[in-house]
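Asks: Here the protein sequences line up with chains A, B, C and D, keeping their order. First residue of the first sequence? That's 1 in the UniProt record's numbering, and the numbers climb one at a time after it. First residue of the second sequence? That's 1 in the UniProt record's numbering, and the numbers climb one at a time after it. First residue of the third sequence? That's 1 in the UniProt record's numbering, and the numbers climb one at a time after it. First residue of the fourth sequence? That's 1 in the UniProt record's numbering, and the numbers climb one at a time after it.
Note that these hints are calculated values from the structure, not bench results. This structure is a prediction, so every number in the text was calculated from the model and none was measured. Take these hints with a grain of salt, some might be off.
Which copy is meant is left open, so a pair is good if it fits within one copy or across any two.
What the hints assert, rightly or not - Result set (BS3-like, lysine-lysine): computed pairs, CA atoms no more than 27 Å apart in a straight line: (1) Lys14 x Lys130; (2) Lys88 x Lys145; (3) Lys56 x Lys28; (4) Lys3 x Lys85; (5) Lys51 x Lys130; (6) Lys152 x Lys240.
There are 4 protein chains.
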Amino acid sequence: MSKERSVFQQFRKKTYIVIYGTNTIAGKAFDLILLGVILLSILLTMMETVKSFETKYHDIRIALEWGITIFFTIEYFLRIISINKPLKYIFSFYGIIDLIATLPMYLAQVVAGSGVLSIVRSLRLLRLFKVLNHPQFTGQSQQLKDALLASKGKILVFIYFVLISTVLIGSIMYVVEGRENGFTSIPTSIYWTIVTLTTVGYGDISPVTPLGQFLASLVMILGYGVIAVPTGIVSAELAKTDQKLALIDKNPCADCGAEGHQENAKFCHQCGNNLLDD
Amino acid sequence: MSKERSVFQQFRKKTYIVIYGTNTIAGKAFDLILLGVILLSILLTMMETVKSFETKYHDIRIALEWGITIFFTIEYFLRIISINKPLKYIFSFYGIIDLIATLPMYLAQVVAGSGVLSIVRSLRLLRLFKVLNHPQFTGQSQQLKDALLASKGKILVFIYFVLISTVLIGSIMYVVEGRENGFTSIPTSIYWTIVTLTTVGYGDISPVTPLGQFLASLVMILGYGVIAVPTGIVSAELAKTDQKLALIDKNPCADCGAEGHQENAKFCHQCGNNLLDD
Amino acid sequence: MSKERSVFQQFRKKTYIVIYGTNTIAGKAFDLILLGVILLSILLTMMETVKSFETKYHDIRIALEWGITIFFTIEYFLRIISINKPLKYIFSFYGIIDLIATLPMYLAQVVAGSGVLSIVRSLRLLRLFKVLNHPQFTGQSQQLKDALLASKGKILVFIYFVLISTVLIGSIMYVVEGRENGFTSIPTSIYWTIVTLTTVGYGDISPVTPLGQFLASLVMILGYGVIAVPTGIVSAELAKTDQKLALIDKNPCADCGAEGHQENAKFCHQCGNNLLDD
Amino acid sequence: MSKERSVFQQFRKKTYIVIYGTNTIAGKAFDLILLGVILLSILLTMMETVKSFETKYHDIRIALEWGITIFFTIEYFLRIISINKPLKYIFSFYGIIDLIATLPMYLAQVVAGSGVLSIVRSLRLLRLFKVLNHPQFTGQSQQLKDALLASKGKILVFIYFVLISTVLIGSIMYVVEGRENGFTSIPTSIYWTIVTLTTVGYGDISPVTPLGQFLASLVMILGYGVIAVPTGIVSAELAKTDQKLALIDKNPCADCGAEGHQENAKFCHQCGNNLLDD
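Could you build all of it, start to finish, from the sequences and the hints given here?
Replies: This is the structure in structure tokens:
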């Protein structure tokens, strides 16, 4: 029985290396296959809604869906078995997403109504975010995340200001243009204001009266200037993290402690000490 | 009578702490309740204009409106009573906004015409700007305000230039496309130019003739390049204020306490003390 | 006769101070009146094309137009008389614009066809660019001009690249979507590409086939990324000129020659020399 | 025969200088003529699809097309003959493009179907990218290319994130709005999401239900904030390369000639020489 256990332990260990690891060939191959299966599952979810495709290939799609479901189910159990703290995994964000990824076909046997299932199925693509944790991208995505987190406060203040402006402009446009010109209620007017301020401009609602067009022009110019603000915030933040990274890369001088030496510096720019001797 | 006065004084003091303060629990609770009531009042203003909602819930809405009006009225009088310089408050920006917030239901008894009242009511949301004065946001919004104020001159020059271009392009497009293609007058053409230059693009008016489409293409490419200018201005300004803030964060001089030394400074710029000895 | 000449010389001198100067009260007043008359002339040009306005106020408009024309004519002659090198003024950019500003009403007696006259009249607004030469704006507009001139090379390369992409994408979309879906010719397809790439998106032409919508999606994401380039160029350039201006403001240390001292520095950060003693 | 060879060698040499060189007058003239012929060929490709033009000038166009084809064919053979490693040229990117540029008229004799030929013909404009290799633009385009390459990692992470969001939002909108409101399938919904997120906003599909309009508003505000990210990336990158270039411009060390010293460096970072003694 001890031997059986040791065989199981070895299986667990190997499975762990293949499923969670990214260094062995088998680990890389598994990651690629998994990525492929996820992409296929998303593609099927999309194509099901295209009528001409569905009428032709319905049976093939169902077969593939079952294949994917079985693949995800096996993978999910292997993940639980091979990891040391299975409960931590099960209740982690990606653990829940992995579980949800297995469910749609089982649920379809019980529940009717493709709308909800369609959303459940499209949650599978959240698994794709895991790719960003891959060592190759980790530095880049971390820097972006840091810059966005650092500018969070300013962006919130900005969005707060934009939302208040949106309600104010929407109310005014509702009074100016009125129901007969498509501004049927204040919420609709606010929707129009957001469409205009963000420069999307569908044209499903557009001002007709001269005064409305004049006010809309002001809103557009405002939106044009206002878009500069989040861009400026993120630019400044990214430039700052770039500078920090550039400084962190450089070692201080062993003699005088001066930092910020250039990449190819041989001598300290403050005391003339030879940096390469350190 | 002196005792009565002292009771009143104590009531004033306590009211002041609750209404104007943000440090006590009662003060924070009052701020949150006030925020909730303001948001509710704005929501009601919006929903009144949605026909399906109004026909169903008209009576409840009116009752809630009266509740809010009474709440705002009491709050307004408490603010006047509890503050030391009531006149200064009454004629301040937020004082006037607070007064306007109480008026709509009273005015509705006198004046007819929901248009004007709707705008008066939507002015209530200006009260929301007060949130930006809250200590938590004060630094962030101050930095944004500073950057926008510092770039005011450049942005005005830019808008002046854009407006002149707008009139010129509008006049040319009016002649090129003409009344029959939707460019019914020069002001309408200018409206179209702004819609195009800001990349909103409703499509309610769009060029039909080949020459008009060619000119429109030039305008779009111009607009595409031109949007870079305000963004660049704000980015550069925010990067600058970030640098200033970064300098303030640096270590103070051990001798005189002066802050804001440059990255590789060896001597304090205020007292000449050798910083590297510390 | 000598006395007469001296009177004329004095008149010339006074006129020069009023018309060209900006320091005296009369000079400032003249600038403001001129600005008002120019704005009025532009407003009239616009309103002439608004039918409901023109039918009502045609006679008043004509009267005002004659008033403006006479004002501009007198101003033009005074400018020539009072300046020392009249020929240089006459053939300068603003000299020609000033002349053109006087012409429309005279031409209207000779030429028929309001189209051309309308454009000639709208050229009057080029006079408004002169305001940017006013001392108050000169620094700001100079810095913007410098940044745009410095980034000219990069922006040209960028536009060249965008135009080539535009023709290529336009040709492909013409083949993919075809005449029946609104892409009636390659020039029209190029117009659509520019409308899409610049995110204007009128919707007068939009892809209908699945392949066309897929390609259009790629173009939009390309356009979304591509807009970053001119913005980045101008941002970087403005940040650079800001830095230069900041450094130019600071004097070097008299002792060691180090530059780049902070605004409130009292001691040189390189040698500790007292900067205020200099 | 040796003499004949030497004459041919001289012809090769001269041809090489004219076709590949940019320093002699003949070389510059050839570059300009070639640019003109390429532009003419692109113009003809465009105008062929404009019906009113084609019916009038069909014969002239065909004649010009043959002239261009013969010009490109001769040029192609001269390029092969005059260069030292013809095989390397033939299989280079521009070599293949040059070959493709000669083909359309020959192919038209064999193949029918203007669609494919139209694309082949429009590939001629890829020749225009060669202009960016011209010494005058080489620095500017190199800096842009460097900045884009350096920010490649971050931009890929960003696009990956945007694409996943696009599929998720598209699926939700498909369920919320449904087939009857134009969201006929998930791929179509994704197309709408991209149109909205990039602020293009054709208006061919737009949300109709209140919930759909509310979600669309969120997407627009998201898109508005999200556009800040690529712009910020490129701005920060360009600012960085600008700084590097600025360092290169600084004075070299008098002792060892090393360049790229920092602004307040006192000692050369390559040889330790005191820079301030110079």
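Asks: Flag every earlier hint the structure violates by its number, smallest first.
Replies: Those not satisfied are hints 3, 5.
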